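Listed here are the chains, written in short residue letters.
Protein chains: 4
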Amino acid sequence: MKLNCDLGESFGNWTMGLDAQVMPYIDQANIACGFHAGDPLIMQKTLELAKQHNVCVGAHPSYPDLVGFGRRSMNCSTEEIIAMVNYQVAAMDGVAKSLGIDISYVKPHGALYNDMMVNNQIRLAILTVLSNYPKKLALMLQATPELAQHRTEARDYGVEIISEAFADRCYLENGKLTPRSEPHAVHNKEKMLAQVQQLTEHGSVMTASGKQLVLDVDSLCVHGDNLAGVQAISEINALINASR
Amino acid sequence: MKLNCDLGESFGNWTMGLDAQVMPYIDQANIACGFHAGDPLIMQKTLELAKQHNVCVGAHPSYPDLVGFGRRSMNCSTEEIIAMVNYQVAAMDGVAKSLGIDISYVKPHGALYNDMMVNNQIRLAILTVLSNYPKKLALMLQATPELAQHRTEARDYGVEIISEAFADRCYLENGKLTPRSEPHAVHNKEKMLAQVQQLTEHGSVMTASGKQLVLDVDSLCVHGDNLAGVQAISEINALINASR
Amino acid sequence: MKLNCDLGESFGNWTMGLDAQVMPYIDQANIACGFHAGDPLIMQKTLELAKQHNVCVGAHPSYPDLVGFGRRSMNCSTEEIIAMVNYQVAAMDGVAKSLGIDISYVKPHGALYNDMMVNNQIRLAILTVLSNYPKKLALMLQATPELAQHRTEARDYGVEIISEAFADRCYLENGKLTPRSEPHAVHNKEKMLAQVQQLTEHGSVMTASGKQLVLDVDSLCVHGDNLAGVQAISEINALINASR
Amino acid sequence: MKLNCDLGESFGNWTMGLDAQVMPYIDQANIACGFHAGDPLIMQKTLELAKQHNVCVGAHPSYPDLVGFGRRSMNCSTEEIIAMVNYQVAAMDGVAKSLGIDISYVKPHGALYNDMMVNNQIRLAILTVLSNYPKKLALMLQATPELAQHRTEARDYGVEIISEAFADRCYLENGKLTPRSEPHAVHNKEKMLAQVQQLTEHGSVMTASGKQLVLDVDSLCVHGDNLAGVQAISEINALINASR
Chain L
1 MKLNCDLGES
11 FGNWTMGLDA
21 QVMPYIDQAN
31 IACGFHAGDP
41 LIMQKTLELA
51 KQHNVCVGAH
61 PSYPDLVGFG
71 RRSMNCSTEE
81 IIAMVNYQVA
91 AMDGVAKSLG
101 IDISYVKPHG
111 ALYNDMMVNN
121 QIRLAILTVL
131 SNYPKKLALM
141 LQATPELAQH
151 RTEARDYGVE
161 IISEAFADRC
171 YLENGKLTPR
181 SEPHAVHNKE
191 KMLAQVQQLT
201 EHGSVMTASG
211 KQLVLDVDSL
221 CVHGDNLAGV
231 QAISEINALI
241 NASR
Chain V
1 MKLNCDLGES
11 FGNWTMGLDA
21 QVMPYIDQAN
31 IACGFHAGDP
41 LIMQKTLELA
51 KQHNVCVGAH
61 PSYPDLVGFG
71 RRSMNCSTEE
81 IIAMVNYQVA
91 AMDGVAKSLG
101 IDISYVKPHG
111 ALYNDMMVNN
121 QIRLAILTVL
131 SNYPKKLALM
141 LQATPELAQH
151 RTEARDYGVE
161 IISEAFADRC
171 YLENGKLTPR
181 SEPHAVHNKE
191 KMLAQVQQLT
201 EHGSVMTASG
211 KQLVLDVDSL
221 CVHGDNLAGV
231 QAISEINALI
241 NASR
Chain H
1 MKLNCDLGES
11 FGNWTMGLDA
21 QVMPYIDQAN
31 IACGFHAGDP
41 LIMQKTLELA
51 KQHNVCVGAH
61 PSYPDLVGFG
71 RRSMNCSTEE
81 IIAMVNYQVA
91 AMDGVAKSLG
101 IDISYVKPHG
111 ALYNDMMVNN
121 QIRLAILTVL
131 SNYPKKLALM
141 LQATPELAQH
151 RTEARDYGVE
161 IISEAFADRC
171 YLENGKLTPR
181 SEPHAVHNKE
191 KMLAQVQQLT
201 EHGSVMTASG
211 KQLVLDVDSL
221 CVHGDNLAGV
231 QAISEINALI
241 NASR
Chain S
1 MKLNCDLGES
11 FGNWTMGLDA
21 QVMPYIDQAN
31 IACGFHAGDP
41 LIMQKTLELA
51 KQHNVCVGAH
61 PSYPDLVGFG
71 RRSMNCSTEE
81 IIAMVNYQVA
91 AMDGVAKSLG
101 IDISYVKPHG
111 ALYNDMMVNN
121 QIRLAILTVL
131 SNYPKKLALM
141 LQATPELAQH
151 RTEARDYGVE
161 IISEAFADRC
171 YLENGKLTPR
181 SEPHAVHNKE
191 KMLAQVQQLT
201 EHGSVMTASG
211 KQLVLDVDSL
221 CVHGDNLAGV
231 QAISEINALI
241 NASR
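Protein chains in written order, with my numbering: chain L, 1 to 244; chain V, 1 to 244; chain H, 1 to 244; chain S, 1 to 244.
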């Protein structure tokens, strides 16, 4: 099980995330492409940081919404989604190659990620982009009970799926996350580490209702917004390495 | 001598340029990359149009200034220019490749073009991008008396120069264009065709002061903003083809 | 019954709409505020044009979406909508006052307009802005069977409603517009003029199903995107004036 | 002598400046208007904070350059500058009035501020906006040896000048700031407090060359980007209050 983190989410003079501290502990960096965060210079510097730490790079495309940080769903047409994802993936790929880096996957951001998980048309639009792209790129999406189906669907497009779980989020029995509006939606560190341990050893999580939910997880999503987050990432990293 | 034209300069619901009418008559399409014009969907459609007509594609990067259409010089640092040009070229290259097109050159737009012609640091920044780019891309710039020097300079970066002249602009003896603020800065069609003829036959233009100015021109820049422009392009195209 | 039209929807170098030709024929200009169209300079010039023709001015605020022309619904929070509408109305109001113009109403644009018609929370957010605004501003919305209810609702906020109908759109029995995806959704000129005539004389429209639908209409929305549209506006204007 | 500070310079999800900690210690808040920072919601919240602390509010307009934070000079026309400043001032004024606040001055931001200090045309463009604005607004600019001249110039436009000095910047004999590229351009806290003391008691600063430079200062610009900055502001505030 790998560790992935959203990085490169600063913009111009505004800083977000402790990228330099997080990078040593993760395997996969989802780097913003300029539509919700990450101007060209920040993109380049984040790529250089990933290279320095031998971290895999994925493009992290978004709806075009800087002020909303890509977290507001936008009612875009399929051809708009195809074009905007293609553009962002291409920008990341070419800049990465200029720095001697080969990106290997794409993880949609924020509202586009959520919409992709529930709207087939949007997921197929993204698969279409990856299918037409001149190099193999995997698609990172959420490990749910529909994962096998998503893998089959992607295979038809010649696209590999990287499934991810969330270290710090409580799961419902249907495989969805407990909404943030509800109590206990986000685990404290103790519970988060227990969830990681269970995923590592048993490939499952304990749901809010106390049931075991089996999840086929390739990668674990972690957050490095502050020092406590970085500390937690380093402990998750140690825990996973111990089990390898 | 080839014909090049700025295309793909619509944006969202706003249309600019008669791209579909122009494309059949030109050899090289300078396609906007989203920073002064050309959102992802328009970029894609313009690329498809270029493919359909077998027209060479160049990326047409700009300062980030939609409202000013990239025509206002911005005091950017060298590293900002490198990053923004790299990003735009990469976006164009990757989207083009997804459509089976290989872009072959880069022509900076508007204020960035003008700044590149007078500011060595900016020209070298752009050459640095092309030098580091994972595929060969030529740089299109203005044919001036300094062209030989510019070719030598670019060769050190492993970059080929495509020199261009302007069909409809009056030249000064120093090789610069007569400023638009002065009378006779822009030729009428008759004078424009005469200038093209002279360039084709003698490799020179008649300056505002009536002197012959020798220019080593690989490509001729034309404008297709309206029907008269398209008509003029078709006549220039015929004139050049007749001399081939 | 007055005539209103969306104007000032150019942006930077891109032109949209025949504002100068339309202005003489209308009573109310809905002027874009910069979020879907209309940069500060275009806003100012459109205001000057309205002043010259003694046309009432309304602010025409939108979701922040230039590339989508404000036509894509965005999942914004109530406080975001309040802040963005307040900002746009304030910008229009202050610039107008600098030119000696008093704006008198607000008409939301595109997806924000559509969302306002079906989502009470969004309509109340907009009423909240108008209620707190330091000057009286009416709200323009669609004349539907719910209009009386909308007027009552607005009165609680101290806001007057201007109801509008669409000259060229076919209506359903429930007062909604026939979706553009269906045939006959948009009237030809003959039917449009007949609809205007019926509204003027009888205060009703003929629905797609052939029933009479009574609509209490203060203003008629017309479109001046092209010469045919301008011609139609002039005929509607003549028709309404004849009945006054 | 008053204290002024640039505030409201967060944007969307990105935070900048410790506005809540700074507000209690200052007299004048220069609040970003959305062109270099400060989206509508942040503008509103910063205005509410200023109201709570009875702090005077000034609009802080900028070139349209989010990614460059308004620090890159842009070659805009006079009519573009007039329109963009008018728009930003109007937006701030109207939103402020909706909250029961009367803004009282305008301080251009970043590159627009610097350009205004050296380019008469730009300064006159800004004075033109203020002169046409429907309410009295002062212009805040840098106290230099040309201040008397600037006051006279502004009086012709019916505009009052608020002159400001920089607490933490070293001055040259000509009244300009030591460029940041040079050593000792920015004072440490001890020197800064000494400079404030000297301004308070003698209306002068000690230049880099050790000469006394008389400056007629209405307000002192301070920075609250971090905790050390906030601490320094509280000490400057105490020092000035002690001398009142």
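Where hints are given, some of them may not hold.
Copies of the same chain are indistinguishable here, so a pair counts whether it falls within one copy or spans any two.
To be verified - 30 Å max Cα-Cα, derived DSBU-like pairs, lysine-lysine:
hint: 1; residue 1: Lys45; residue 2: Lys136
hint: 2; residue 1: Lys135; residue 2: Lys191
hint: 3; residue 1: Lys97; residue 2: Lys45
hint: 4; residue 1: Lys135; residue 2: Lys45
hint: 5; residue 1: Lys135; residue 2: Lys211
Keep in mind that the hints were calculated from the coordinates and are not lab data.
Here the structure is a predicted model, which means the values were calculated and not measured.
Hint-by-hint comparison with the structure:
Taking the closest pair of Cα atoms, Lys45 and Lys136 come within 30 Å of each other both inside a single copy (24 Å) and across two copies (23 Å). Taking the shortest alpha-carbon separations for Lys135 and Lys191, neither the intra-copy value of 39 Å nor the inter-copy value of 49 Å comes in at or below 30 Å. Taking the shortest Cα distances, Lys97 and Lys45 sit within 30 Å of each other both inside one copy (13 Å) and across copies (25 Å). Taking CA atoms no more than 30 Å apart as the test, Lys135 paired with Lys45 passes in both settings, with 23 Å inside one copy and 21 Å between copies.
In the homo-oligomer, the alpha carbons of Lys135 and Lys211 never lie at most 30 Å apart, since the shortest distance is 41 Å inside one protomer and 54 Å across protomers.
In terms of the numbered hints stated before, the structure departs from hints 2, 5, listed from lowest to highest.
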